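Undergrad: Here are the chains, one letter per residue:
Number of protein chains: 4
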Amino acid sequence: MQRLKVGAIKLHSLEGELPPDKAVTIRRLYIEEITATDLSKVGSYSIDIDRVVSRNCENMIGAVQVPVGVAGPLKVCGEYADDEYYLPLATTEGALIASVNRGCRAITKAGGAEVRIHRDGMTRAPVFACKSVAHALETTRWVEAHLPELKAVGEATTSHGKMLGVTTYVAGTSVFIRIEFSTGDAMGMNMVTIASEKISQMIVEETGAELVALSGNMCSDKKPAAINVIMGRGKTVVAGVFLSDEEVREMFKTDSETLTSVNYRKNLVGSARAGALGFNAHAANVIAAMFIACGQDPAHVVEGSNAITTVDRMEGGVYVSVTLPSLQVGTVGGGTGIDTQAECLKMLGVAGGGEPAGANAKKLAEIIAAGVLAGELSLLGALGAGHLARAHKHLGRGQR
Amino acid sequence: MQRLKVGAIKLHSLEGELPPDKAVTIRRLYIEEITATDLSKVGSYSIDIDRVVSRNCENMIGAVQVPVGVAGPLKVCGEYADDEYYLPLATTEGALIASVNRGCRAITKAGGAEVRIHRDGMTRAPVFACKSVAHALETTRWVEAHLPELKAVGEATTSHGKMLGVTTYVAGTSVFIRIEFSTGDAMGMNMVTIASEKISQMIVEETGAELVALSGNMCSDKKPAAINVIMGRGKTVVAGVFLSDEEVREMFKTDSETLTSVNYRKNLVGSARAGALGFNAHAANVIAAMFIACGQDPAHVVEGSNAITTVDRMEGGVYVSVTLPSLQVGTVGGGTGIDTQAECLKMLGVAGGGEPAGANAKKLAEIIAAGVLAGELSLLGALGAGHLARAHKHLGRGQR
Amino acid sequence: MQRLKVGAIKLHSLEGELPPDKAVTIRRLYIEEITATDLSKVGSYSIDIDRVVSRNCENMIGAVQVPVGVAGPLKVCGEYADDEYYLPLATTEGALIASVNRGCRAITKAGGAEVRIHRDGMTRAPVFACKSVAHALETTRWVEAHLPELKAVGEATTSHGKMLGVTTYVAGTSVFIRIEFSTGDAMGMNMVTIASEKISQMIVEETGAELVALSGNMCSDKKPAAINVIMGRGKTVVAGVFLSDEEVREMFKTDSETLTSVNYRKNLVGSARAGALGFNAHAANVIAAMFIACGQDPAHVVEGSNAITTVDRMEGGVYVSVTLPSLQVGTVGGGTGIDTQAECLKMLGVAGGGEPAGANAKKLAEIIAAGVLAGELSLLGALGAGHLARAHKHLGRGQR
Amino acid sequence: MQRLKVGAIKLHSLEGELPPDKAVTIRRLYIEEITATDLSKVGSYSIDIDRVVSRNCENMIGAVQVPVGVAGPLKVCGEYADDEYYLPLATTEGALIASVNRGCRAITKAGGAEVRIHRDGMTRAPVFACKSVAHALETTRWVEAHLPELKAVGEATTSHGKMLGVTTYVAGTSVFIRIEFSTGDAMGMNMVTIASEKISQMIVEETGAELVALSGNMCSDKKPAAINVIMGRGKTVVAGVFLSDEEVREMFKTDSETLTSVNYRKNLVGSARAGALGFNAHAANVIAAMFIACGQDPAHVVEGSNAITTVDRMEGGVYVSVTLPSLQVGTVGGGTGIDTQAECLKMLGVAGGGEPAGANAKKLAEIIAAGVLAGELSLLGALGAGHLARAHKHLGRGQR
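Residue numbers (the working numbering), protein chains in the order written: chain A, 7 to 406; chain B, 7 to 406; chain C, 7 to 406; chain D, 7 to 406.
Calculated from the structure, these hints are not laboratory results.
Quick caveat, the model's predicted, so the values are computed rather than measured.
Any given hint could be a false lead.
Repeated chains share a single entry, so a pair holds when one copy, or any two copies, can fit it.
The list that follows gives simulated cross-link-like pairs (lysine-lysine, DSS-like), each with its CA atoms no further than 30 Å apart [what the hints assert, rightly or not]:
| id | residue 1 | residue 2 |
| --- | --- | --- |
| 1 | Lys11 | Lys259 |
| 2 | Lys157 | Lys11 |
| 3 | Lys81 | Lys352 |
| 4 | Lys259 | Lys16 |
| 5 | Lys259 | Lys137 |
| 6 | Lys157 | Lys28 |
| 7 | Lys115 | Lys11 |
| 8 | Lys16 | Lys157 |
| 9 | Lys81 | Lys28 |
| 10 | Lys204 | Lys81 |
| 11 | Lys204 | Lys168 |
| 12 | Lys204 | Lys28 |
| 13 | Lys168 | Lys259 |
| 14 | Lys16 | Lys168 |
| 15 | Lys81 | Lys11 |
| 16 | Lys168 | Lys157 |
| 17 | Lys204 | Lys137 |
| 18 | Lys168 | Lys115 |
| 19 | Lys115 | Lys204 |
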């Protein structure tokens with residue numbers, strides 16, 4: 007403490023001299039003193055932090071506890087997830103779990119959510135500066151003519167990743183190379199970034215283009231961007247369920263016409279009028295809650311929120327679906343190994359690497375998509391029945 | 007347990023019969039058995055959950071612990087925050103805090119981040135169905151002619167909220183009424199939803215338009231949407247700092263031209279080419295980490311990621327800024343009262359209601375914006391110096 | 007000619023020495039010689055060019071002739087247009103007029119298109135550079151506090167324009183002032199640009215902000231931009247019509263369910279999936295054809311194409327609508343005074359200034375919106391009946 | 007006339023009984039009478055209309071004359087266009103040609119515009135309805151597994167088109183198949199639509215999916231859509247030029263820093279803030295004027311306006327570029343065969359089919375891109391020098 011105060015040791019260097027728990031405690035006490043704040047609850051974590059301090063969190067002072075509730079059982083009929091599940095949801099938004107739970111009940115009663123994954127690949131897009139418009143074309147042509155070499159160089163950096171392809175884009179003298187990797191059960195940003203660096207070095211050497219940034223925003227990571235809506239990033243997952251007119255009436259106290267109309271005017275026309283890249287009710291809520299519970303990167307909620315919800319009026323009922331073009335999940339790496347998060351993954355039967363590689367991450371993606379479907383159904387139903395404000399009044403988060 | 011198994015009591019009804027901790031424990035044990043999973047770490051929370059179970063989380067089984075580290079000190083020169091702060095960041099993404107920390111050091115050394123809030127208001131936009139195009143115009147005209155009445159009706163539902171205005175939009179027979187409230191220190195979604203219901207009822211009665219959904223997606227809540235970029239939602243905050251050429255060289259091992267060029271080709275040209283609504287490097291990372299630490303709604307990271315980062319090349323240095331058009335924060339309600347999150351808010355001096363009302367939420371918004379600036383600066387610097395992949399290799403999250 | 011060849015006179019200076027027709031002829035002959043091309047058809051115009059050469063077209067060499075056909079009669083029930091009209095359409099796209107004509111027949115038979123204008127104002131948004139984030143806020147605050155002065159300065163430049171309002175936006179150190187004018191029967195870009203210059207000068211003097219560009223792209227002129235979709239630019243016009251199930255069957259050889267489904271999957275879901283700012287079938291076709299016939303600025307087709315088409319399934323039929331958030335038209339100025347274009351405006355009863363000012367431009371906007379509705383209805387009907395490719399085969403434009 | 011009035015013959019049937027000129031005259035006289043308007047100028051066309059009435063324009067009554075001026079000479083250094091050109095611009099917007107002309111002078115003096123085409127293909131995207139989420143995946147998998155068969159079926163409908171590829175997209179139960187064809191010197195919409203119909207029929211037969219619409223808006227034709235920005239449609243063309251500091255000063259009365267700053271704050275930051283899909287100053291103006299002069303489809307100005315303009319500050323000057331992701335042009339079919347338009351194409355040496363097929367359309371695309379560059383340069387220069395309003399005042403279109 008004394009050395010910290012006089013600057014003889016840096017706050018982030020404590021782990022170099024002390025065991026993790028000790029270092030975290032000293033750091034917390036220092037911050038408590040500097041900020042005159044009692045941080046004892048933050049300091050009362052029970053997770054094992056030996057790996058956390060080196061892999062997940064620098065300058066650690068403790069942990070926040072996010073309440074976890076369950077919704078379910080939810081029957082999922084996917085190619086990887088084919089069972090009933092209880093969803094762990096880490097949230098502080100009152101009424102959310104109750105709402106998702108209602109959606110789960112409806113889906114399960116209707117026979118389960120059908121889920122399919124359409125594509126799967128993580129991307130990174132370095133940007134290069136060229137000397138001229140002609141040089142830019144030479145650069146993209148060189149890349150397109152040397153995919154096997156780039157694949158070899160990229161894959162040499164990883165034992166799990168496989169390069170799926172490369173797309174080139176140009177804007178004046180800027181060339182963007184969007185590199186896509188299959189990353190097994192890892193979410194894969196890290197893997198593809200490291201591979202992209204090697205690929206970029208080869209491009210620089212061979213074309214004379216200058217590497218400006220290893221990420222040139224056409225990846226596009228953690229920003230709302232149409233490229234992810236259109237071409238996908240991570241997993242592109244679709245979940246759907248047919249509900250009969252009677253099921254709609256019974257479970258949502260509304261009718262199929264109303265449900266169709268709410269989706270049409272709100273999720274489609276309203277989003278169109280708002281210049282949106284997301285045509286859904288609240289996909290982000292379910293994704294955020296499951297991401298935090300399951301140790302996913304919560305900033306990826308941004309891409310997850312690019313969802314499209316549809317309600318097709320059909321003979322005798324409605325077919326309701328959600329399409330998640332860019333859902334980024336993993337069951338190894340990131341926060342997945344932290345004790346509490348690992349337990350939530352285990353609850354779903356997806357902790358660690360799958361058999362074959364990638365199967366667990368895909369299973370998790372299917373379950374999350376089904377969970378989003380439950381959330382959408384329930385909120386559309388509540389809006390149709392005029393219940394939204396009421397739910398918030400009863401289960402709300404406080405101050406009005 | 008026995009009654010749960012035979013269905014004699016519902017999972018969500020346990021709190022009706024047992025004290026919260028007991029109910030949560032029973033529920034957790036039940037889920038453990040059903041899913042054959044040990045959830046003891048999830049069950050070892052230390053927060054007080056008496057209010058949590060009724061306000062934040064239904065069907066609670068425990069909590070996940072998200073590691074919290076600190077970055078700072080960060081000097082902030084705002085209208086509400088005017089001091090040095092240590093930022094609490096709840097994250098599992100290795101290298102993030104180290105990166106933000108480096109940005110904090112640079113900003114503080116350069117004299118602090120200047121921060122200003124341009125507007126502040128939470129919105130909800132119900133959608134109504136009209137009989138015809140003519141009826142739609144009559145409806146919007148009626149609304150525009152009766153703002154004082156709508157204001158009175160809306161404000162009667164809340165002791166803190168003030169209606170700032172209403173904007174009307176039409177798409178065919180659908181009419182959208184975007185209602186904006188000042189919501190003090192609360193994030194305010196709940197408040198404005200309840201007020202909007204009363205306002206909507208009056209519109210229905212007076213115009214004959216039919217309320218289709220209390221949220222018509224022009225709000226737009228938790229979806230990427232240009233309307234939030236352009237008109238703002240929550241707080242519109244801008245943070246900036248001038249760095250001299252020497253400061254850039256010394257702190258980021260790159261130079262002002264390179265920093266300018268990275269931002270130009272990546273954040274502006276790259277985002278443009280990707281059809282983006284976010285022109286930044288990784289604003290979502292900092293926002294997510296601070297939101298989770300401070301009990302904010304993590305699904306609002308979606309709107310937070312709508313940020314624009316600029317680097318202006320100036321005489322002798324660069325002026326770097328971030329603009330957050332739609333940052334949604336509160337210091338009361340939501341997850342702000344949970345013990346660990348409340349401690350993080352206290353660390354920043356913003357726990358609970360401010361003096362005057364709204365001052366704490368604004369202070370928090372200014373600090374977060376400065377934190378985003380630190381994150382942007384640091385990542386742009388790392389990209390300019392070619393360090394991104396290296397950082398990930400050393401501090402990465404594991405599996406390659 | 008000789009002097010042109012030796013460079014003794016500039017190509018654009020011919021009007022200074024010769025009467026217009028002579029200057030145009032000499033210039034055309036010179037270009038014919040230089041490019042070795044016979045331009046006699048381009049040279050065989052019959053319009054009076056005395057004003058054209060000074061107001062519409064520099065370096066004139068003649069004119070292209072764009073074929074004009076008519077569709078109609080189309081019954082329009084607007085607040086300004088309330089009659090049956092024949093629409094002049096200048097087009098070279100085979101099948102377009104036949105298609106619009108079919109839509110006109112259906113609408114007229116169904117009682118006419120109901121049309122309403124929701125707002126009307128032309129915008130220009132200069133961009134200013136400020137010294138810092140704080141200076142940017144001072145600048146926007148100054149502007150918001152001095153609207154009457156800015157209005158006075160702006161309106162002093164015009165006899166017809168009235169300033170409707172100003173909206174301020176900030177991005178880092180860049181401040182955008184979106185100025186909106188009512189511009190009577192003129193499309194008004196010119197008028198608002200000139201007024202904006204004076205307003206900008208006052209802002210520069212009073213705030214110390216530097217004017218970077220009189221147009222800062224938040225106007226937004228002739229670029230696809232959500233700001234125009236959301237806030238409107240020019241006129242925001244909506245047209246709609248109810249068709250009974252029988253009318254749909256009889257006129258489009260399809261049924262109401264199919265028409266609804268085509269619109270839902272194509273114009274809403276398909277556009278959403280494409281990251282679109284236009285949710286329609288081919289609004290641009292009708293707008294382009296009418297704009298060229300009526301002397302409007304054809305680059306404004308860009309904003310016109312921001313349309314949303316809806317098909318509401320209703321009891322006994324469908325209500326079909328188009329919403330044009332940013333339709334920019336005028337009946338004075340621009341190309342409206344050229345002989346052939348003026349005749350097309352006269353056909354619609356909207357040539358020159360209206361009574362009161364603005365009435366003619368609004369009438370034209372209503373008629374065009376009804377024409378777009380006819381085009382949408384017809385194409386949706388053809389798609390529903392599976393006729394699209396067939397129409398193109400019979401009336402197509404040639405080479406396959 | 008008498009038979010028209012009593013309805014004994016339909017307006018569009020006149021060509022069945024009369025030679026074209028006669029039919030057009032009778033129709034015009036009828037419209038003159040019905041609308042009480044003199045249309046003699048519209049009726050005084052000099053183009054040969056024998057093919058026009060059957061291929062370009064139903065219900066023809068005459069033609070509008072759009073003034074054509076020239077800008078140039080403009081030196082273009084492309085792979086197809088490698089010469090100096092005079093650009094024909096059909097416009098009624100005063101000051102436009104003078105402005106483009108100034109840009110041409112600057113570019114030519116600086117050695118010419120370097121232009122490159124990055125990709126070339128016309129698209130059509132039918133939408134199919136599937137029974138379920140699983141059926142949708144089966145459908146896209148079937149398509150991806152049968153590309154050679156689809157290619158054979160599609161190419162059998164055309165003698166010039168070659169299928170370049172197919173991309174599949176899904177949104178719930180809607181499947182979109184984006185089919186891309188190389189279309190030689192034709193713009194190609196017609197060709198690809200007819201081929202898509204056959205391809206769609208095969209998909210329907212083999213997968214059981216139902217064809218909802220031959221165009222499902224992921225094409226995306228004549229709507230602003232990110233898919234065209236990102237993946238391109240028609241030709242993706244880039245043009246650039248280096249101007250030394252002295253050239254900037256001399257030709258634009260401003261300096262390189264100012265030019266860079268105008269582009270940065272207006273075209274990049276301003277467009278970002280406006281939620282735009284076009285990051286340019288006025289690309290649509292030049293595209294519209296050249297499209298109308300050259301018989302292109304003016305509704306395609308919508309996609310053309312998706313341009314990105316960049317100004318790179320470099321040692322000793324600036325490199326200015328425009329990127330047109332989706333420029334749709336042809337030199338055969340459409341309006342290209344009309345006498346006046348054909349003359350304009352001849353002026354550029356691109357009338358009719360090229361050698362090899364496609365060379366003329368590509369040459370035209372390169373010239374237009376260079377023209378857009380001239381327009382951008384000139385307007386940026388004028389804004390930098392503070393000249394915009396002044397130009398409009400001197401050369402404006404009238405009413406203020």
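Undergrad: Would you mind marking each hint as holding or not holding in the structure?
TA: Here is what the structure says about each hint:
Within a single copy, lysine 11 and lysine 259 get their C-alpha atoms only as close as 63 Å, which misses the 30 Å cut-off; across copies the closest is 28 Å, which meets it. In the homo-oligomer, the alpha carbons of lysine 157 and lysine 11 never lie at most 30 Å apart, since the shortest distance is 51 Å inside one protomer and 54 Å across protomers. With identical chains, the CA atoms of lysine 81 and lysine 352 are at most 30 Å apart within one copy only, with a shortest distance of 17 Å there and 42 Å across copies. For the homomeric pair lysine 259 and lysine 16, the shortest alpha-carbon distance between copies (20 Å) is at most 30 Å, but the shortest distance inside one copy (60 Å) is not.
Proximity of lysine 259 to lysine 137 under the C-alpha cut-off of 30 Å is restricted to the inter-copy arrangement: shortest distance 24 Å between copies versus 64 Å within a copy. Taking the closest pair of Cα atoms, lysine 157 and lysine 28 never come within 30 Å of each other, the shortest separation being 45 Å inside a single copy and 56 Å across copies. Taking the closest pair of Cα atoms, lysine 115 and lysine 11 come within 30 Å of each other only across two copies (18 Å); inside a single copy the shortest separation is 62 Å, beyond that limit. Taking the closest pair of Cα atoms, lysine 16 and lysine 157 never come within 30 Å of each other, the shortest separation being 42 Å inside a single copy and 54 Å across copies.
Proximity of lysine 81 and lysine 28 under a CA criterion of 30 Å is satisfied inter-copy only: 28 Å between copies versus 45 Å inside one chain copy. When the C-alpha separation of lysine 204 and lysine 81 is checked against a cutoff of 30 Å, the pair qualifies neither within a copy, at 43 Å, nor between copies, at 38 Å. Within a single copy, lysine 204 and lysine 168 get their C-alpha atoms as close as 14 Å, which meets the 30 Å cut-off; across copies the closest is 36 Å, which misses it. Taking the shortest alpha-carbon separations for lysine 204 and lysine 28, neither the intra-copy value of 38 Å nor the inter-copy value of 55 Å comes in at or below 30 Å.
For the identical chains of this complex, lysine 168 and lysine 259 are neighbours neither inside a copy (49 Å) nor across copies (33 Å), given an alpha-carbon limit of 30 Å. In this assembly of identical chains, lysine 16 and lysine 168 lie within 30 Å of each other by CA distance neither inside one copy nor across copies; the values are 40 Å within and 47 Å between. Taking the shortest alpha-carbon separations for lysine 81 and lysine 11, only the inter-copy value of 18 Å comes in at or below 30 Å, while the best intra-copy value is 56 Å. With identical chains, the CA atoms of lysine 168 and lysine 157 are at most 30 Å apart both within one copy (8 Å) and between copies (29 Å).
For the homomeric pair lysine 204 and lysine 137, the shortest alpha-carbon distance inside one copy (22 Å) is at most 30 Å, but the shortest distance between copies (41 Å) is not. Taking the shortest Cα distances, lysine 168 and lysine 115 never come within 30 Å of each other, neither inside one copy (40 Å) nor across copies (44 Å). In this assembly of identical chains, lysine 115 and lysine 204 lie within 30 Å of each other by CA distance neither inside one copy nor across copies; the values are 51 Å within and 34 Å between.
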